[in-house]
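Peer 1: Residue strings, one per chain:
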Amino acid sequence: MAFSTDPETFRSEIRAWLEQNCPEEMRDRRNDEASICWGGKKWNFASDAQKQWLDAAASVGLTVPTWPVEYGGAGLNRERQKIFLEERAAIGARSPLESFGIWMLGPALLQFGTHEQKLEFLPPIARGEIRWAQGYSEPGAGSDLANVQSKCEDKGDTWLVNGQKIWTSYADQADWIFALLRTDKDAPKHKGISFVLINMETPGVSTKPIRLISGSSPFCETFFDDVVVPKEQVVGTVNRGWDVAKYLLTHEREMISASGSGMFGAGRALGAIIADGDSDDLILRGQAMQAEVDAMAFELTLERYKDQAESGQGVGDASAMLKYAGTELNKRRHELVMAAGGSGALDWADDRPAAWLRTKANSIEGGTSEVMLSIISKRILGLPG
Amino acid sequence: MAKLVKTEDEIMLADAARGFLNDAAPVAHLRKLRDAGQTHDPELWKSMAEMGWAGVLIPEDAGGSDMGHAAAGVIARELGQTLVSSPFLGTAVIAATALRKAGRSDTLAKIAGGDVIYAIALDENTKFAPEAIEMQAKSSGNGFVLSGEKQFVVDAGIADRVLVLARAEAGLTLFDLPVDQAGLAVDARDMIDSRNAATLRFDGVEAPGDDVLGAPGEAMEILRPALEAGQAALASELTGLTAGAFDMTVGYLKERKQFGVPIGVFQALQHRAADLWCETEITASAVLNAGRVLDETPDEATLAVSLAKARATDTAIKAVKEGVQMHGGIGMTDEFDMGFYMKRARVAAEWLGDYGYHADIVARARGF
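Heads up: the protein sequence lines correspond to chains U and Y, in order.
Its first residue numbered 1, the first sequence is counted upward by one per residue in the working numbering.
Its first residue numbered 386, the second sequence is counted upward by one per residue in the working numbering.
Quick caveat, the hints were computed from the structure, so don't treat them as lab data.
Quick reminder that beta carbons are idealized off the backbone N, C-alpha and C, glycines included.
Where hints are given, some of them may not hold.
From the structure, some residues in chain Y lie toward chain U, with a derived Cβ separation under 10 Å [said to hold, decoys possible]:
(1) 389
(2) 501
(3) 638
(4) 652
(5) 654
(6) 655
(7) 671
(8) 687
(9) 688
(10) 696
One chain only, chain Y, in its complex shape (with noise of 0.2 Å):
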């Protein structure tokens, strides 16, 4: 396997994203955005797709730029500093997985220019849990028929199509929708990390043959790799949103004063920070390992996936709990910063899998 050291493109790349975004997106943006009620910035998303960041895991002759998963993860990675809101998960990484591994050159194309936005609708109930779905896939002719409602379906507010978790006669389906297909409803959700996320209600939804990806009954041949694909990317995600905070928390230490010393001298302080530190740098290692088994072998990557999200979103929570804590009361101010980190690491965590969905799958791996 390729070695656990970041390549010298993987390096270009990220110092190139964080030019770019230090400019185009720093957290004063998703605090402007937030303030005006909108979770979305057209222009931004226009700007990464011409960088190649759409296009990213599509392969060149539908106009991406086909850099892998590994380089999917150093762009999550750099959003994640800056608390980037943006359909870069769900839509460069999940469906564009999914569209690729289903021959959809047409609409990865898209997807690639940055002219379509998807949503992926799984959930139906508080906890990710994709195969033990019920909404019901009726046959209809030489189609179906959906009906049923799924909850936190990410960028469902700005999305054009939706990819739908359906179960029909012959099992789990996967369904390429527009979102404003008739029986449709968006009721959107004001979520905590001022990001886009709605519940949609399908009632009687018309779903034509065409609009299933791969065959039905074999929905998770195609989603399970764009899952992986989406939970590794998720987990970068979170190294970044971490490193943030961290980097934050580690300045205040050094220059907030107290008792007329920098609070940083407090043994008390310097101690647990150390330790967050460590988290960080094994969170680390577990996160570009799935990235590269993704790249290299990615018919068994689950272990790796799994490994990556549930320490991502261990050491992401301790680090926006201790970030709050260490800033003392300005920490809980909404005019810091912090307070955005802690809530997009809430969603983040339970978005895709939960610790305990992943720390589940590593220790059925590991003869539990």
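Chain U extracted, bound-state conformation (with noise of 0.2 Å):
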């Protein structure tokens, strides 16, 4: 099915879309951990509705609304996707789909990859039938990212690759994986990465799931032995994958600017979480007051960005800023609710613990937030060194 390209139009189609095709279950307004339908070959639906609302979205191209409709999407352009999720959050309803490989490798491909491998990698992932992991992270590459070991060897017809990454998330549950490579270990280290897809099914890929503070294991160590890979799989130029990491990055930084709402900032209010606890500690009150300021301030923020990038004025390097501070008021906001339970939200057979833990890493992970204040310093503020 086409959707109309006149805005007012396409309005009224989509919510007769959706009215007809999400289920009622799926209307349940929830985007928490858990509610998330993550795809792939090993996914199992956590309902018929799930996998119908999956279908549904998929075969018109709605679980990626912005890709070209070759490749899966619906091909819409940024209006009619505001359009869109304005309407689908009107019925409450869930994503159908997320997954990394919506969220960077699809990005990474539309801009870096050719038309054949944007063909073949594209569509299932747009479907949920492919899921994906990232291998960025190494044990000796966190915040120094472009310090990658792990090896991938011209073997004439094909790539070896031997090495280990760590932080790949859900690498367990992953189809396939794209991992930063070192394809030159001979030239500085941002110019001899390749940016390479890697089956999880090779032989010589394992992966080990590592428990974190939460008790959750989201994330996994994967080894890579020997494992052969066919040479139309590197993405971009040879020896040139810190550009196509880099953009990723930043998409991802921007990411945030353009559906981050909901994501970090606001959300239920904390009075009414505060009022909801047994305590009437002025100290606390005050302190979540201050955060309610900041988490307002912050949310105008990404609306700001949002229409700056409207306007065609790029949010750039700014996008560090957002990342900093929605990550460290994510994790404020969270120490709040933690103080506001009091007793009753040290059980974990609470949900509070485990989302209390959980967004300790945010400062952590896509760079840290001292990485973002040294991008911020040298690259908006030109302070040297």
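Starting from two chains that each stand alone, build the complex the way the hints lay out.
Peer 2: Structural data, given as structure tokens:
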């Protein structure tokens, strides 16, 4: 089905489509981790409705609304995407599918991939058939990401991969991984890295979950032991993988500005959360009030940056501010939620401890707060060194 | 709502204002006034009126330029950047909004022409709380008699007229009086920000019925929008002040050398400067939003305005604190301008409601 390009016609079309195709169960306004559909070969649908909703959305390209139709998207421009998201939110519908493929690999392929790579890899992402993991960090390459050492050697007809990745999200659930690998060990560190796609079923690939302080294991170590990879699975130019990685990191932070509302910032008013608790502590109340002021101003900043982007002014390096301020704010908020909950929030049966502990990673993953501050001081303020 | 992006007109207005003020009123101008024992430059105010700034919120048929609250914010920001001492906020923003609301076209025309300056007399103790004031306005004939004391009356020493909030039998009532009215004594204060403020003593001051703005008992209908306009403009002034202090600080980090290198290479300072920049970005959104809301849905502006004043206050205080610290010893000297920024930030933080006052309004609106 082709949607209208006229915004107002589109709005009524999408409203009718949602009404007809989004199962009632999927309209529960949830967007927490447990409600997300990640897709992939190993995915166990939580309900028939979840599968039905994924298939319906994928059949018209609405799992990836802005991707071109030929690669599995709906070809929506920004304006119509916004209308779609507004209408989806209006009925409280969940997102039909979320994944690293949608957030990260897709945008990288659209920017740097060949037509063949796009045709091969994008539609299965859009349909939720293939789940991707991200293979960036290594034990010796965290904030210093360009120091990756995992080797990808040219063996004539194929590549041979050896090494280890860490913090690979859900690698044990993933079908494929996109990884930053060293293809030239003699070049300066940024100039000898390639962006490589690897099927997790290839002999020599193994994973091991890492148990986190929250008790869950969303991250893995991933090992490559003499893994043979076809030549055409490099994205972009060999040895220029850092360009792809950098594009993705900026894209990831800009995405926060495009859809961040609710991810950080205000959410449920802290005042109500405190009122639900048993504390009449004035200090806690004052801290929560300050957090609320900051959260509301931050939400307006997301809106301002979105408006800027729509007026054609890029957000660029200022996205580091959104990442830094948004994640720090989120951590502050969860500290207050825990304090408001008192001893009632100390039981693993409650969902607050795990959520609180999870936020501690917000300011580490995707570039630490300190890396963000360094980006701002050098690229925006022009400070030396 | 209009986008949270500056319009072409707003950018042009800011550039024009900056160009004018760089010549006519850099920080050195405030220093010169202070050293001469003055708080006000009538010529400067006259020039500002000629550019349409005094009439920024006054209808065109009353001689104003009627550019709106976002534009008033643009001007206030530029005034803040070089710490310009002027009656802009009290007269062109607060009094003009109140008088417009009360339909006083004659007085509005005088404001737009730069021919009358207003002071606003609200506070009766050390904190802003207009609805809790106690000064009595006793009925007398067809008018009232005012007795009591008002503190922190900004611009009182240079004003021709004063808006006074008092409590009549009908409730809070707003009066528009000449400053030289019999029984009214002006006790000027030597303020830390080198601006004008005074304590006003009312000893049986007669206020004829015509001097009431709006109706007795309905002061807040006129005053609330006027104060919100003033609070939003003051928040804008504070963002300009913050930018002025921050730019000086970042400039200093690049040029000051210690241990043989510019001190800006030290990560301890880099990260603090970057954090401060983030604060300024976030505050800018709240302040821009307040101007937009005041222009588009002025009856629902309370939350947006208080958010802006709270954030702008907080950020400005941080910026001047870091400004002095990062400048080291020189930041403590009177010869250097940073101290002027710090002292103005302190006064602006208190005027029209401090952080706690406005954070409380935000919190209440958010379920606290």
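Peer 1: Are the hints correct? Go through all of them and say.
Peer 2: Comparing the hints with the structure gives:
At about 4 Å, the closest approach between the beta carbon of residue 389 of chain Y and any beta carbon in chain U falls short of 10 Å, and the interface hint on this residue holds. Against a cut-off of 10 Å between C-beta atoms, the interface hint on residue 501 of chain Y is violated, since the closest Cβ of chain U lies about 36 Å away. Hint status for residue 638 of chain Y relative to chain U: holds, with the closest Cβ pair at about 6 Å, below 10 Å. Taken as an interface hint, residue 652 of chain Y checks out: its beta carbon lies about 7 Å from the nearest beta carbon of chain U, inside 10 Å.
Satisfaction of the interface hint for residue 654 of chain Y is found here, the shortest Cβ-Cβ separation to chain U being roughly 8 Å, below the 10 Å cut-off. A distance limit of 10 Å between C-beta atoms decides the matter here; for residue 655 of chain Y the minimum to chain U is near 4 Å, and the interface restraint holds. Checking residue 671 of chain Y against chain U by beta carbon gives a least distance of about 4 Å; that is within 10 Å, so the hint holds. At its closest, the beta carbon of residue 687 of chain Y sits 13 Å from a beta carbon of chain U; the interface hint therefore is violated under the 10 Å criterion.
The beta carbon of residue 688 of chain Y comes within 8 Å of a beta carbon in chain U, closer than 10 Å, and the hint placing it at the interface holds. Evaluation of the residue 696 of chain Y hint against chain U yields a held restraint, the C-beta minimum of about 5 Å falling below 10 Å.
Hint check: violations occur at hints 2 and 8; the rest are consistent with the structure.
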